[in-house]
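Below are the chains, spelled out letter by letter.
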Amino acid sequence: MPPDQSSRNFDVSRLREQHRLMWRIRALEQAALRGLAEKVVLGAIHPSIGQEAVAAGVVGNLRRDDILLSTHRGHGHTLAKGADSEAMLRELLGRVGGTCGGKGGSMHIADFQVGMLGANGVVGANIVIAAGAAHAIKLRREDRVVCCIFGDGAINRGPFLEGLNWAAVFGLPVLFVCEDNGFAATTRTASMTAGAGPATRARAFGIVAEEVDGNDILAVDAAVQGLLAQVRGGGGPRFLHASTYRLTGHTGADAAPYRPAEEVAARRLEEPIGRAAELLRGAGVDAAALAADQAAAEAEIAAAYEAAFAAPYPEAAEAFRDVQDVGSPLQGAF
Amino acid sequence: MPPDQSSRNFDVSRLREQHRLMWRIRALEQAALRGLAEKVVLGAIHPSIGQEAVAAGVVGNLRRDDILLSTHRGHGHTLAKGADSEAMLRELLGRVGGTCGGKGGSMHIADFQVGMLGANGVVGANIVIAAGAAHAIKLRREDRVVCCIFGDGAINRGPFLEGLNWAAVFGLPVLFVCEDNGFAATTRTASMTAGAGPATRARAFGIVAEEVDGNDILAVDAAVQGLLAQVRGGGGPRFLHASTYRLTGHTGADAAPYRPAEEVAARRLEEPIGRAAELLRGAGVDAAALAADQAAAEAEIAAAYEAAFAAPYPEAAEAFRDVQDVGSPLQGAF
Amino acid sequence: MARMTYLAAARAALAEEMRRDPLVWAVGEDLGRGGVFGQYAGLVEEFGPERISDAPISEAAILGASVGAALMGTRPVVEMRFSDFALCAVDELVNQAAKARFMFGGQGRVPLVVREPIGMWRSSAAQHSQSLEAWYAHIPGLVVACPATPADNKGLLKSAIRCDDPVVYMEHKNLWPLEGEVPEGEHLVPFGVARRVRAGGDVTIVSWSQQVHVCAEAAEALAGEGIGVDLIDLRTLWPWDRVMVLESAARTGRLLVCHEAVAVAGFGAEIAATVAEHTSAKVRRLGAPRAPVGYAPPVEDAVRVGAAAVAATARSMMGR
Amino acid sequence: MARMTYLAAARAALAEEMRRDPLVWAVGEDLGRGGVFGQYAGLVEEFGPERISDAPISEAAILGASVGAALMGTRPVVEMRFSDFALCAVDELVNQAAKARFMFGGQGRVPLVVREPIGMWRSSAAQHSQSLEAWYAHIPGLVVACPATPADNKGLLKSAIRCDDPVVYMEHKNLWPLEGEVPEGEHLVPFGVARRVRAGGDVTIVSWSQQVHVCAEAAEALAGEGIGVDLIDLRTLWPWDRVMVLESAARTGRLLVCHEAVAVAGFGAEIAATVAEHTSAKVRRLGAPRAPVGYAPPVEDAVRVGAAAVAATARSMMGR
Ligand SMILES: Cc1ncc(C[n+]2csc(CCOP(=O)(O)OP(=O)(O)O)c2C)c(N)n1
Ligand SMILES: Cc1ncc(C[n+]2csc(CCOP(=O)(O)OP(=O)(O)O)c2C)c(N)n1
Ligand SMILES: [Mg+2]
Ligand SMILES: [Mg+2]
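Protein sequence lines correspond, in order, to chains C, S, B and U.
Just so you know, we're using my numbering here: the first sequence kicks off at 1 and counts up by one.
Just so you know, we're using my numbering here: the second sequence kicks off at 1 and counts up by one.
Just so you know, we're using my numbering here: the third sequence kicks off at 1 and counts up by one.
Just so you know, we're using my numbering here: the fourth sequence kicks off at 1 and counts up by one.
Simulated from the structure, these hints should not be mistaken for laboratory data.
Watch out, some of these pointers could steer you wrong.
Unchecked claim - Below, computed lysine-lysine pairings styled on BS3-like, alpha-carbon distance capped at 30 Å:
1) C:Lys39 - B:Lys173
2) U:Lys282 - B:Lys282
3) U:Lys282 - S:Lys39
Input sequences plus hints: build the corresponding full structure.
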């Protein structure tokens, strides 16, 4: 049940921007799912539909030179960090001009130019990498920060412990964000997770942790602003637990029969874009303006999708490029 | 500073037994160090001198059919579980009749007959194995329990998280014991460990955890009795953090120059055998009886050492036995 | 005999063994909903959630706990989902499972089956496509099985579950839907006995897993050209059937080993080297370039060893 | 030239590179007290605890964090203590470090040196004695170096630190005290260029790491019998010097590859297979049995490949 919104104070233009960003994310993922259905996208797609407020609220607060590490469910984070939607769709379609030249696909999407250091196909692996990116920032006396987003399932992997302990011991500038959508693939994460949850685990490492309704963009935004200020201030790592809900299946191919339709229907009422729209309407933004946000997002993505679709595949020789400097990948093969 | 002992109530004969056991452990390790100095023991030895109250107080409470998993610093635990001192010394000397036939040595000492399922050369690896042993006990509806002892350094490895979460999620009968001697090899563990310590980390998994002075055998004994009763009662995992001090270097070869002599001298005053002796003297046990405990232990171990020393090495063909049932280890070699 | 898929054959094998032996249980992420490929579909209904157990995303614990549970006399079947994720549990497999029996002087056994689906599967990219069977063949204490057919996926999995050694059991993701005849009931394929897919006198081709089918296609084409291929499906890499391979290579005078894995330091090198040491046969290997697997189809396809390359190599070995 | 140990040579290499490039730093357990073998002794005094950094017992984080730090432009030298413990960080090395550059389409590099001391060291038993260099040679993206001499331990380590690829750098624990002449200052040994230890025309012996010295002993004995050994120290397994090995094997007509690691699926198979594919030389391999390393000296020694076995094999290849 969303809280009563009527009395909340917020910056309308900021929320309007977030509203647009969330629509762009949703449109992008809907396009990816369409590509999947039409067998144009060939690899797995893990949509974050319903979770857009985490991407917009967390990543929207990062500077361009800040660093982001994400997961297999990272389209929203990546777009929010400033990646180009067309380059992203080219990557998902495995085309020339994709952020990774078509060699990574959805699970390895990355855009170093905007500080997005990679999704990851291995759950939890990004946590230690993020700690290390922050370690480099500290060694180089830079003032930027790292943000590492992972799922609720990732907190059961060893690197969660090792990465959080590392960041705390070395006092590193990193904001850890557990984007808790209730599921780890087909499993209700709570059934396989002991204790009081991600924030409690983080606090056991002496890391200040907050919990937030991850479908409430204002709440996420406010929490992240506060935590990031502490991280930027040299306070060491901080932790945010954002609760949300995955409205789709685990992948585009998962119909998610393991959960009742009523549950999904109920949670759909709390999805973040609608809640943001309601706040904006309450603040006097008219329905046409909100619809225009959606339409603009969909137009952008439709054009990006068409361009991506029209782009060629990389040539086969790309298979042997950027492997490594030393030694030929073709030695001894074929 | 040890607490005032004068007003404590305890079972004198039980403490006397523990006093004997602690002397046996110390004598065994002194023999191992002698073997090392004389180049009779060839592998590394990690002595637990000064930590004997953990072995005696924890493991002394296990039934023979309970299961124990230990570490590289596991001689005391193993002896306390009921392994034969001569078979242990044969193992340390790499001889026939060793608990592992001379093939494991100190770091892999194990005695399945008494439920000792192995030391481990990999820090923290025993934690997940212990969870699994307890898992089997649960699946088989047996009433025994598992005890897993590890060091303070091990709580920074991923398997600590994964093993504790696992045990808690599945409600398994395991007592985890963090034997905290302040050091991980040459490193003060506190310098590389974030947060409020092992018990706090355990509680983050919803596991009931206690903290105890690990040099106080009565305290260890009492805490373990309480926790083990809960584990046996089906309460799921429990956790004990026992603080002690490593009086020797990390290995027999480590002179430990990284810590001040005064620190060691001060901590030596708190070593557990002396404290137990003081309690016993206070309860009227005379000095001669206490000296006899030590002498008996030393005599047992001296005889065991001589027998081990006299025993032959295993034959070379042992290298190819007990590798696996399927396939010959010699195929393709030499 | 029944016609069924590679996937269904494995499921049948597991179900049969679980019925036969109450100490067999399976554990892994999502097993209660059938597992990531549906290999476990329906099993929780029959055996309950204790024996078809879900797991947290804790590969080290899944494998490490299974080592403990195996030492305690149960027989865990461990699902690693993608062999790539098994890299999160290598200490547990290599330092613990494989060595426990030896280190402890034979006091314990680790009867454990680690299922690690391998191989390329359209656009799965670098972290979901690896075939690392050569690694496990190198590790004392481990058995390595790589079934290529539905019948073998039943018979080898049953043997693996009954084996007292830890078995790395590598199913190929592309083979799940492959149909074939599968013997009903007690069908055990022994380890170390290869399968002659087709007999021929000109070139010996040794392969395993999905690549066997690629080689069969090449052999068919070569047959049309009058080149007789002795095609051997190795089935298990440890132990491996040296007798059949050496006999065949000595007879044909030509050995071609072909696998999907990277050629450099792949298991093909072991076979080629062994044959070169013991016969005067010509040897050749075909494997993937030493490059990660890419996402875009042409990039992915560039590292596949196709039937045309197999046939071309065989032809060139024949001097054609 | 200065006379120094294998250990001191590596320490000098690291210190020189750290002086040259402020982005080089080292991280691992106990480094502040010199590291487990003393390889880092004195360095924290010169470079401070940020650049000679201690670490918690968190192998996955040590390696994984270094991947992140390398992607961000620093050059971490990671100490894994024993190569066996590196098995606690295989995902980080194989799925992350090795693949990042390729997966991300060349956007980033992972200039990382992973020091993994290998090999048997008296009575260290199954979990502290492994030599798994073949594994890393099989993984696209990784460089693998196995220095055998003090000079190479300087020159290869310096090259590794300057390399933009992740390098698995395997020092042999038994070699730490070995003394030799080491060039002062800028001494870089390139990857993929083998070292001819001695020239001979009868048998080519290829080896690396500590086993080179065993083979040299055998070659000396063989020389006394009139058998000339062309002894090649491979130095790096990826890339490896095919040119020198193929030239030599073609010339002598006999190739013997010898390593301390398990023979089955060891890197010797790659070399033997390559030579068999490209020359008509006889090939033979010598490696350890497929058994874990035991603790008791006779059990441990039973899996060592000694000079006598090397000489005997060479003799038998000569028909003697
Ligand atoms: C180490 C590892 N184990 C298993 C998987 C398979 N897998 C991919 S996503 C996923 C669920 C992850 O759950 P969570 O961390 O909550 O992220 P979400 O998918 O909900 O965003 C699993 C098990 C994997 N990719 N990596
Ligand atoms: C995974 C792993 N990393 C490093 C080591 C090397 N090592 C052996 S003992 C030790 C210190 C362990 O500290 P702790 O857990 O506190 O146990 P203690 O030695 O104090 O009993 C280290 C780092 C190891 N054996 N395994
Ligand atoms: Mg989730
Ligand atoms: Mg300690």
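How the hints compare with the structure:
In summary, the hint linking C:Lys39 to B:Lys173 is supported, as the alpha carbons are separated by about 19 Å, within the 30 Å threshold. With a C-alpha separation of about 11 Å, the suggested pair U:Lys282 and B:Lys282 falls inside the 30 Å cut-off, and the hint holds. For the suggested pair U:Lys282 and S:Lys39, the alpha carbons sit about 44 Å apart, so the restraint of at most 30 Å is broken.
Going down the numbered hints, you'll see the structure goes against just number 3.
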